[in-house]
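Protein chains: 2
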Amino acid sequence: MAKAKKSKLKIIPLGGVDGIGRNITVFECGEDIIVVDCGISFAEVDTPGIDFVIPDISYLEGCMEKVRGIFITHGHEDHIGAIPFFLKRINVPVYATRLTLGILENKLIEHNMRDVCELVEVAAGDVVEDGNFAVEFIHVNHSIADSCALHIYTPAGNALVTGDFKIDLTPIDGETMDLARFAEIGSEGLDVLLCDSTNVERVGFTQSEKIVGAFLERIMFNTDKRIIIATFSSNVHRVQQIIDASAKFGRKVVITGRSMLNVINAASRLGYMTIPEGILIEVGDMKRYNMDQITIITTGSQGEPMSALYRMAYGEHAQIKLGKDDLVVLSSSPIPGNEKLICNITNELLKRGATVLNDDAVSDVHVSGHASREELKIMHRLTQPEYFIPIHGEYKHLIRHMELAKELGMDEENIFIPEQGHIIELSPSGMKKRGNVPNGVLYVDGAGFGDLGSGVLKERMKLSEDGVVIITVTLDSEFNSILSGPETISRGFAYVGEAEEITEQLNGLAAEVIEKCLDKGYCDFSTIKSKIRGEISGFIFKQTKRRPMVIPIIMSVAL
Amino acid sequence: MAKAKKSKLKIIPLGGVDGIGRNITVFECGEDIIVVDCGISFAEVDTPGIDFVIPDISYLEGCMEKVRGIFITHGHEDHIGAIPFFLKRINVPVYATRLTLGILENKLIEHNMRDVCELVEVAAGDVVEDGNFAVEFIHVNHSIADSCALHIYTPAGNALVTGDFKIDLTPIDGETMDLARFAEIGSEGLDVLLCDSTNVERVGFTQSEKIVGAFLERIMFNTDKRIIIATFSSNVHRVQQIIDASAKFGRKVVITGRSMLNVINAASRLGYMTIPEGILIEVGDMKRYNMDQITIITTGSQGEPMSALYRMAYGEHAQIKLGKDDLVVLSSSPIPGNEKLICNITNELLKRGATVLNDDAVSDVHVSGHASREELKIMHRLTQPEYFIPIHGEYKHLIRHMELAKELGMDEENIFIPEQGHIIELSPSGMKKRGNVPNGVLYVDGAGFGDLGSGVLKERMKLSEDGVVIITVTLDSEFNSILSGPETISRGFAYVGEAEEITEQLNGLAAEVIEKCLDKGYCDFSTIKSKIRGEISGFIFKQTKRRPMVIPIIMSVAL
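For the record, the sequence lines run as chains A and B. Just so you know, the first sequence maps onto residues 0 to 558 in numbering that gives the first Met the number 0. Just so you know, the second sequence maps onto residues 0 to 558 in numbering that gives the first Met the number 0.
Careful: at least some of the hints might be erroneous.
To be verified - Between beta-carbon pairs, the in silico distance windows are:
id, chain 1, residue 1, chain 2, residue 2, range
1, B, K541, A, R113, 22 to 30 Å
2, B, Y313, A, Q318, 19 to 27 Å
3, B, S362, A, R380, 39 to 47 Å
4, A, G352, B, G203, 22 to 30 Å
5, B, E373, A, Q318, 26 to 34 Å
6, B, E385, A, L260, 48 to 56 Å
7, B, G203, A, G203, 53 to 61 Å
8, B, K209, A, L260, 52 to 60 Å
9, B, K432, A, E109, 46 to 54 Å
10, A, F540, B, K209, 43 to 51 Å
11, A, G537, B, R433, 46 to 54 Å
Bear in mind the hints are in silico, worked out from the structure with no lab data behind them. Computed from a predicted structure; not experimentally measured. We put the beta carbon where it would ideally sit given N, CA and C, even for glycine.
Construct the complete structure from the given sequences, taking the supplied hints into account.
Encoded structure:
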């Protein structure tokens, strides 16, 4: 394609560039906008009680009429999880491959939105044209089937978004990612590469998914125990390998965990899995088989509380009781932050007498779905971009990816470390950073979602540190005297035995403070509250070296 | 020594066997008890606001007159941190090597206890005899100098506690652990081995501390940046290597962070560090040197909030501002649970333009202080114990260590996986588990410590999940009518914009509930409170799918 570059292409990451997850990138050219992916991220230590986090798309809401569609690379939560929230505000067509749409469809049904959304199925190799954009889907390997990179072609130039990928030279479905097409794009001339940075800290080459299957077969050959394998439900190739190995060694397969059942149903219905006739049995039928004739595939590989594996580990699973005749395989690696949960679940499984295999130096029970350094180098060499934007990672990953590109000979000036909301503009005069658009995050907690940012989350953190002390008092409405109280109530604050004594002291101190206020003729709630808060906080800190949240409540009664 | 075995030796772990930290093991023989180590462990996700955790020693308090002394293997917090709390309850002599005592002494001074405690200095090779016990200190390598294993000899048999150790064949102080003595003990006959399990999941052999020095020299040779190195203050050999490398390359050294200053002072005063004349400078004098003439040694390698490195990373350090002429070395590996903190601090440092080196596959900036599998095998082979008790680790580590011992030919019946409070008894008829002693943990939070176990911590967790909703109302003392309120106050609960609306609704609902109670003639606080709590919780969950803690407060005024 000859390039008659005119106009400008703006690339705006609204997420996915300052931490793992919440991937969403906006491409804007003339009067048209397309959005690539729209995922969630998970709660962290400093966001207690949050279910998950979604990108703030108010920038797009401000120019809604320009938005042509969402183009999805693959069906993981960090790429599709926020789409229902997006479509509620901006209802545009969604373009994706079949399995990705299958997973998204389940999600939309849960939100009662299936009927009002337009889902457009594409296949790797297809090109979708819309306004100034032509978007080509290119097959890549990843830990979920049907993953694609997107080649985005515009009058202002072209961009390649790799999505999450690895180069698997012996993939389960026989389809190595389309290296030839990446090379072709490179030869034709690529303006901007946006590339996955997740595994940039790993040296070498990520191992093929196939080695997990080989290892599982070795285990099944060597053990007469029942085998319980926990993995991500979305990794249909992993699940396929577990089923294939079980079939080979005459094991029946039990599926447990809601999301595992959902994905296996969707994947086999859509033709992404082949399940041998009669191999699946119900959990209740396990008793008709010997232990060495059973494989259980389950959710919970991240130690998630109340997942099927968690309930088995803590002896709370109604139908599956584990013991010394069980071999548990954690076919996954910890998502950062989940290390301790996984350690706890491993301890519990071992305490029940089960054998446990983790992903470690001697057990090939898991491989990553992301490209390691040598694969990233291949991607850069094949596509030969003029400009480079590392995406998908913590800030440190983006920096390491920049260093990798520089090692390959790229000029630092041609590399853009993106921050959320940056406008990176490609024009005939080159690529430049041009200001910011509104951006941020929204917290989803229960039925509500919105801006908990500053206030509510800080309050929760503070409450969790040292608890809360509430001082209530009723005054007459003329501020002459105390009618009732002060009464102190605390939660999460004082130790057993300590509480009663300190409560008495606080009641006495609060009474003194209030009497003094009334004597001085203070007659507004806020002054009295602030005096109480100050004195009580000070006293508590002196006595206990703790800083609970202190809440004074004053009521008044007209006599 | 000829063994005339009589009586019994009880081995009772009161900590250190169900998670990393809080190491303490009791040895009881006849009328004598000795205690090996007495450490703390750190707060976890489910113990918010806790400073640290100490072992419950009520078993020992019940037989205080038998306790002869505490014998310490080395000066890390997880082995000495709870000694002040122990000595406040049971004041017995403490036996340890010089550096260990130096660090403990600082701690006792902070607790105003130095004068009332008896600290007895021993050297590797010394034997302390007391009642039925003879305790020999044997030099081992570890990430703190002056570490020892303890050989405990009693009429009922002998036990070897390795303490934390690694086998460093090129140690910084020239003293490889006393392998010959371990072999001798094995030849003479060892009844029980209690061995460190921390690194049992690591294959191979832990690298020598020396490689870190070599790597630091390579960095200093190649960079003209200022170098900031964060490490554990107690690792005096690491700090010595940083100072030596700096001296070699003409760099002055700035020490920052309170614990770093304390330890370097103690270590050099006691002869464990050699600091070249004039190499240390004050932070204020840095401006007189070029960037490539300065090394800063700091605390904060675990990303601890408010540590010196944390303040530098977030631009809050009064005297040290980092930028693109700085190279930060995180000379440590994450303690499980700290991964995210370290990731965050790395991101911040990179955002300031600094270069950051972490412990990864290509940077030898850190080595572990614990024995990997091949070293553990050497320990087992040298000491040839009849019985084996794996200690120091998560349950999973103890199990893996048992498996390792079995690989070496040990009979599973001779291996005891200890749990906290187990009595493991060695007698002429062999080793057996014999019941339990009282055991548990105490939480230290601010000035207080005690049993927060069930109530307070659960309240904190609940508060952090969805916050708190407080409903206050004042009634007349005859329960005829509402005099004031109900008033709803929430913290950590509702979103911006959402709060006002729901507060109004809750006030209305609470008023209805209370009026209904009064109409029905309910006139006790607890019934009315429980009605309010039930209705309000139900309403909130229906509206928001959240479950905040609901606290009704009723005051009454006599009219």
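Hint check for Q318/A and E373/B - Cβ pair distance inside 26 to 34 Å: Violated, at about 43 Å.
Return holds or violated for the Cβ distance of G203/B and G203/A against the range 53 to 61 Å. Violated, at about 18 Å.
In this structure, is the beta-carbon distance linking G352/A and G203/B contained in 22 to 30 Å? holds, 29 Å
C-beta pair Y313/B, Q318/A: status relative to the range 19 to 27 Å that was hinted: violated, 50 Å
Kindly confirm whether 22 to 30 Å is satisfied by the beta carbon distance between K541/B and R113/A. Given range 22 to 30 Å: holds, Cβ gap about 25 Å.
CB-CB spacing for L260/A and K209/B relative to the 52 to 60 Å hint: Holds - the Cβ-Cβ distance for K209/B and L260/A, about 55 Å, lies within 52 to 60 Å.
Per the hint of 46 to 54 Å, is the separation of the Cβ atoms of G537/A and R433/B within bounds? holds, 52 Å
Taking the CB of S362/B and the CB of R380/A, does the distance hold inside 39 to 47 Å? With Cβ atoms ~25 Å apart, the hint is violated.
For the pair F540/A and K209/B, does the Cβ-Cβ distance stay inside 43 to 51 Å? holds, 47 Å
Okay, K432/B versus E109/A on CB: inside 46 to 54 Å? holds, 51 Å
48 to 56 Å was suggested as the range; check whether the CB atoms of E385/B and L260/A agree with it. holds, 51 Å
Hints 2, 3, 5, 7 from the list above are not met by this structure, while the remaining hints are.
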